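Asker: The primary structure of each chain is shown beneath.
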Amino acid sequence: MYAFDYTRPKDLAAAAQSFAGSDEPVYMAGGQTLIPTLKQRLRRPSLVVDLGALPELKGIAVAGNLVTIGAMATHAEVAASADVRRAIPALADLAQHIGDPQVRNRGTLGGSIANADPAADYPAAIVALGATVYTPTRSIADADFFTGMFETALEPGELVVKVAFPVPKRAAYMKFRNPASRYAIVGVMVAETASGIRVAVTGAGPSVFRVPEMEAALAKSFTADAVKAIAVPVDDLNADLHATAEYRAHLIGVMAARAVVAIA
Amino acid sequence: MGKFGVGQPVRRVEDQRFLTGTGRFTDDINVDGQLHLYVLRSPYAHAEIRKIDSAAAAAASGVVAVFTGADFETLGVGPIPVAAIPPANDGVKRTAPFRPAIATGRVRYVGEPVVGVVADTLANARDASELIEIDYAELPVAATMPDALASGATALHAPQYPSNLLLHWAIGDDAATKEAFAKADKIVAIDIVNTRISPTAIEPRAVIGEVDANGRITLTLPTQGGHGQRRWLASSVLKVPESQIRIVTPDVGGAFGMKNFLFNETVICAVAARELKKPVKWTADRSESFLNDVHGRDQLSHAEMALTKDGKFLGIRVSSLGNVGAYLSQFGAFIPTAAGGAMHCGAYVFPAAAVDVKVVMTNTTPLDAYRGAGRPEAAYLVERLVEKAARELGIPSVELRRRNFIKPEQFPFKTALGQTYDSGRYEEVMDAALTRADYAGIAARRAEAKTRGKLRGIGVSYYVEACAGGSGEQPVLSFDRNGKLTIRIGTQNNGQGHETVYAQLAAGLFDMELEDITIIQGDTDEVPTGNGTGGSRSIPVGGSAVQLNVAKMIDQGKSLAAEMMEAATVDVEFADGKFRIAGTDRAVGLKDVIAASFDGKRPDGVTEGLRVSENFNPSGATFPNGCHVCEVDVDPETGTVAFVRYTIQDDLGIAVNPMTMAGQIYGGAVQGLGQALYEEAIYDSTGQLLTGSFMDYCMPRADNTPSFDFAYTEVPTPRNALGAKGAGEAGTIGATPAVANAVLDALAAVGVTHLDMPMTPLRIWQAIQSAQGKAA
Ligand SMILES: Cc1cc2nc3c(=O)[nH]c(=O)nc-3n(C[C@H](O)[C@H](O)[C@H](O)COP(=O)(O)OP(=O)(O)OC[C@H]3O[C@@H](n4cnc5c(N)ncnc54)[C@H](O)[C@@H]3O)c2cc1C
Numbered sequence: 000m001y002a003f004d005y006t007r008p009k010d011l012a013a014a015a016q017s018f019a020g021s022d023e024p025v026y027m028a029g030g031q032t033l034i035p036t037l038k039q040r041l042r043r044p045s046l047v048v049d050l051g052a053l054p055e056l057k058g059i060a061v062a063g064n065l066v067t068i069g070a071m072a073t074h075a076e077v078a079a080s081a082d083v084r085r086a087i088p089a090l091a092d093l094a095q096h097i098g099d100p101q102v103r104n105r106g107t108l109g110g111s112i113a114n115a116d117p118a119a120d121y122p123a124a125i126v127a128l129g130a131t132v133y134t135p136t137r138s139i140a141d142a143d144f145f146t147g148m149f150e151t152a153l154e155p156g157e158l159v160v161k162v163a164f165p166v167p168k169r170a171a172y173m174k175f176r177n178p179a180s181r182y183a184i185v186g187v188m189v190a191e192t193a194s195g196i197r198v199a200v201t202g203a204g205p206s207v208f209r210v211p212e213m214e215a216a217l218a219k220s221f222t223a224d225a226v227k228a229i230a231v232p233v234d235d236l237n238a239d240l241h242a243t244a245e246y247r248a249h250l251i252g253v254m255a256a257r258a259v260v261a262i263a
Numbered sequence: 000m001g002k003f004g005v006g007q008p009v010r011r012v013e014d015q016r017f018l019t020g021t022g023r024f025t026d027d028i029n030v031d032g033q034l035h036l037y038v039l040r041s042p043y044a045h046a047e048i049r050k051i052d053s054a055a056a057a058a059a060s061g062v063v064a065v066f067t068g069a070d071f072e073t074l075g076v077g078p079i080p081v082a083a084i085p086p087a088n089d090g091v092k093r094t095a096p097f098r099p100a101i102a103t104g105r106v107r108y109v110g111e112p113v114v115g116v117v118a119d120t121l122a123n124a125r126d127a128s129e130l131i132e133i134d135y136a137e138l139p140v141a142a143t144m145p146d147a148l149a150s151g152a153t154a155l156h157a158p159q160y161p162s163n164l165l166l167h168w169a170i171g172d173d174a175a176t177k178e179a180f181a182k183a184d185k186i187v188a189i190d191i192v193n194t195r196i197s198p199t200a201i202e203p204r205a206v207i208g209e210v211d212a213n214g215r216i217t218l219t220l221p222t223q224g225g226h227g228q229r230r231w232l233a234s235s236v237l238k239v240p241e242s243q244i245r246i247v248t249p250d251v252g253g254a255f256g257m258k259n260f261l262f263n264e265t266v267i268c269a270v271a272a273r274e275l276k277k278p279v280k281w282t283a284d285r286s287e288s289f290l291n292d293v294h295g296r297d298q299l300s301h302a303e304m305a306l307t308k309d310g311k312f313l314g315i316r317v318s319s320l321g322n323v324g325a326y327l328s329q330f331g332a333f334i335p336t337a338a339g340g341a342m343h344c345g346a347y348v349f350p351a352a353a354v355d356v357k358v359v360m361t362n363t364t365p366l367d368a369y370r371g372a373g374r375p376e377a378a379y380l381v382e383r384l385v386e387k388a389a390r391e392l393g394i395p396s397v398e399l400r401r402r403n404f405i406k407p408e409q410f411p412f413k414t415a416l417g418q419t420y421d422s423g424r425y426e427e428v429m430d431a432a433l434t435r436a437d438y439a440g441i442a443a444r445r446a447e448a449k450t451r452g453k454l455r456g457i458g459v460s461y462y463v464e465a466c467a468g469g470s471g472e473q474p475v476l477s478f479d480r481n482g483k484l485t486i487r488i489g490t491q492n493n494g495q496g497h498e499t500v501y502a503q504l505a506a507g508l509f510d511m512e513l514e515d516i517t518i519i520q521g522d523t524d525e526v527p528t529g530n531g532t533g534g535s536r537s538i539p540v541g542g543s544a545v546q547l548n549v550a551k552m553i554d555q556g557k558s559l560a561a562e563m564m565e566a567a568t569v570d571v572e573f574a575d576g577k578f579r580i581a582g583t584d585r586a587v588g589l590k591d592v593i594a595a596s597f598d599g600k601r602p603d604g605v606t607e608g609l610r611v612s613e614n615f616n617p618s619g620a621t622f623p624n625g626c627h628v629c630e631v632d633v634d635p636e637t638g639t640v641a642f643v644r645y646t647i648q649d650d651l652g653i654a655v656n657p658m659t660m661a662g663q664i665y666g667g668a669v670q671g672l673g674q675a676l677y678e679e680a681i682y683d684s685t686g687q688l689l690t691g692s693f694m695d696y697c698m699p700r701a702d703n704t705p706s707f708d709f710a711y712t713e714v715p716t717p718r719n720a721l722g723a724k725g726a727g728e729a730g731t732i733g734a735t736p737a738v739a740n741a742v743l744d745a746l747a748a749v750g751v752t753h754l755d756m757p758m759t760p761l762r763i764w765q766a767i768q769s770a771q772g773k774a775a
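From first to last, the protein sequence lines stand for chains A and B. If you count the first sequence from 1, position 25 lands on 24 in numbering that gives the first Met the number 0, and the numbers rise without skipping. If you count the second sequence from 1, position 564 lands on 563 in numbering that gives the first Met the number 0, and the numbers rise without skipping.
Among the hints, erroneous ones may be present.
[Claimed, not checked] A few chain A residues that face chain B, going by a derived Cβ cut-off under 10 Å, partial list only:
no.	residue
1	Y1
2	I184
3	H241
4	T243
[Said to hold, decoys possible] List of simulated lysine-lysine pairs, DSS-like, C-alpha gap at most 25 Å:
no.	chain 1	residue 1	chain 2	residue 2
5	B	K406	A	K227
6	B	K590	B	K557
7	A	K227	B	K449
8	B	K551	B	K577
9	A	K168	A	K227
10	B	K483	B	K551
11	A	K227	B	K453
12	B	K453	B	K185
13	B	K406	B	K311
In short, the hints are calculated from the structure, not lab data. No experiment lies behind these values; they were computed from the predicted model shown. Built from N, CA and C at the ideal position, the CB exists for glycine as well.
The following block holds chain A by itself, in its conformation from the complex (with noise of 0.2 Å):
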């Protein structure tokens, strides 16, 4: 690590006027992909915003049909809550299958998102539940806040505060896990929104995306044969030491099959 300032906000304006206050400032969540990014003298940051005493990213509130969960919620809490489980009980098992125990108490969902890691969990919910990402100045809307490989519609500096999940009918999350790191190989979300119904698939991609030959597949006959058949191309898919692109297209359509099944 390279010597760097560190400081604790206690509230928005302070962090933001911290962070202008630098010349390479970084904002620090959970510190999970961040710190051993310093570790390895990858990154240099003259300033560690640490995001920790910021009452505005705190808390899960469940309001009518949306679940509000802030910024700084980490995975174990999510997984915890028994709000997020009873209204939408996909999302708090994704959180519980995040990496290990120790990644869980740390690692947060705007950490995550802001991350925008391709193996990443919670990219498939956000985009299956038409999620809305709320900054201190906009909200974003699913389709539009990851838009590449580690890449997101926040500008420089601009913080993710809170998510929206809009409730669905029913969804359900199934992941297959790379052994050594337990990010997800593939991730597959299918849920029954308002909008109809919706299959996220991340780890697969550079990015989170939809599978639109599954969704009209399950509109017409919601079973596992409907979308087991439905071959997603493998041009677009990642490559790497634990999954090919033939492979992780198989594994979408398998996936998705069991999600399906745990819903039904």
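Following the hints, complete the assembly by docking chain B with the ligand onto the known chain A.
Answerer: Relative to chain A, chain B with the ligand alone:
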């Protein structure tokens, strides 16, 4: 024999401090005025070093010194030596390729030390290292053994070695094996990859170098025995008498073979401390551990077996390539050859056998012993081959094993590869395992799994390994005035529980309390000699040495007690902590005898505190053996393997402490199944390590390993006093083939006949796809 005798499951005395976070590991130690070493490493697998400009680094804040390979040459630092090179077929004796602690002229693997920066803080040392400019000229890379042996490959160690073939080694009888194969009804062949493994000890390596006013060097570091490190440093690197070096080893958090060896950073800390006359400390981070700890395994083999049509084994022949990496670690060339090569007869009567191994240098991290060291490779190959032969002949594999096992009455049994096995009851041990595993009931379980869409597989291995032969152990045992016993011994605990087991042995023999016994290890000033912990030798050899020395102390006690009671020594017996005149109630207690040894008149041969130090030499190697039965479900849709059941029946000879022994078997088996299913160190074609962190290097964990049903049969070995065969490596050796065979058994239903390790979901899915003629 009371509560501590041989066979008692005495709780580990070490665990209190380990489980409460009060263990003391090298990195926990900080010495006044210590400096910190940062090692700048080669980013290239093969390159010429044209120029190093370190002037800016040397001038940077906090920097005390910068050392290059050229500096070390000027300082007269010698190369890191080898300990054993096996004899080559051509009769020409090989010497080690020159291995400097800091690269000179050329780098040969990614991570090789190129510059050592010493500063007041680690951060300053690392900051300064970024100011160093190095002009590298890249050379062609041989990242794999076939690449290294290809014609036109750049020789790593030219001109000393014009090619990357270090040597070609063979044992067995070629002519007899040819003849056996000519008579065969059936020949079964297999090509096997034994994957490269990162040792991943939970405690990374660390070193503190110190020097006193007389120039005597003290090195504190995790080892598997300091005496070897001292010898290698003294003889080759520093060229000083051994008395000028002290090696201290505090608690050690796992070693698995790897911490036996002398590493570059140890040398750099020693030399830097000597030159700067200040303590110098280095601790590896996890990335450095992946890059620089010696790796294990990495062999490619072709093997064939000759059989009659009713399944009698006629012969086996094996041709392997064994990777040693870019330089020879101390036993690098010994592991794939002499250590494992002679174990290719397994548990069976093979009338003829021939094995040859080409030892190959590549642009990768050096390789050396990893839990089992050569024997796991042999056992894996033999047990895969036996399973394949059974399938091809249509004979159940356990029946094929049964027909060819060495029978109890054949021991001592000399194999066609020249090993003389000590003892065993292989069929009985296998049957015990099969019964507990309900092997006979597998068909019903297979059918049940099928209804859930799963492929059930059951895999068996019967392994035999060799350990605890070779050198002896000479501990020093003595009582103090208060009757407290101290045992100084040159083996080195790195997690096994030696403090408990040695104390337990002595406590049982003396009938005393464990708290009254202190085990001293890990300090070459305190322990005069030692041959370290490795090859599962500590309990068979070290334990036997403790037992022998306790017996000698009791002999001394008897003659002193005889004097005290005015009796003849031959009439004195020792039991329940008392020396008694046989057939009378006249006795003196152990404590009184000890006190008398300090204060009274001592007969000849009796020393103060009954001090003894006798060497115990084993009369030969022991051959632990056993049967693993593994049952798995494979999910054919995803390729995932789930453990259903795991049964182990071992013959480890006499069990001194069944609890610590079981611990060795569990941990060992987890490492063995880790290789079968999860672990692999992977280099790309440019020699970059792709699995440089736990995000990509998959470890076995609590949620992907089975619970073990472990039991044992005690067939004593005549090779040592305790009759113990050694348990440190057995679990690893048995598990890898059993798990692989289980997966292949499951996959047989979908037409898969071969798969290499690690049997990952991806590989299993691909194998199913190609067996079914689909693209993968
Ligand atoms: C071993 C391991 C296993 C993991 N497994 C999984 C897994 O299975 N599934 C999964 O989804 N994830 C996984 N993760 C990721 C982890 O769960 C975290 O979500 C992730 O590391 C980032 O979250 P964080 O809160 O730690 O963010 P940090 O590391 O603190 O920050 C990451 C980045 O996001 C920025 N940032 C943080 N918060 C905000 C905010 N509110 N607004 C704007 N920018 C912000 C930071 O500036 C930084 O650039 C794993 C991580 C590790 C280390």
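Asker: Evaluate each hint against the coordinates.
Answerer: Each hint, compared with the structure:
1. Y1: Check passed: Cβ of A:Y1 comes within 8 Å of chain B, closer than 10 Å.
2. I184: Cβ of A:I184 sits 9 Å from chain B, so the hint holds.
3. H241: holds, 6 Å
4. T243: Hint holds; A:T243 Cβ to chain B Cβ min 7 Å, cut 10 Å.
5. B:K406 to A:K227: violated, 54 Å
6. B:K590 to B:K557: holds, 13 Å
7. A:K227 to B:K449: holds, 20 Å
8. B:K551 to B:K577: Holds - the C-alpha atoms of B:K577 and B:K551 are around 16 Å apart, at most 25 Å.
9. A:K168 to A:K227: It holds: about 22 Å lies between the C-alpha atoms, which stays within 25 Å.
10. B:K483 to B:K551: holds, 17 Å
11. A:K227 to B:K453: Holds, at roughly 18 Å.
12. B:K453 to B:K185: violated, 33 Å
13. B:K406 to B:K311: holds, 14 Å
Hints 5, 12, counting from the list given before, are not met by this structure.
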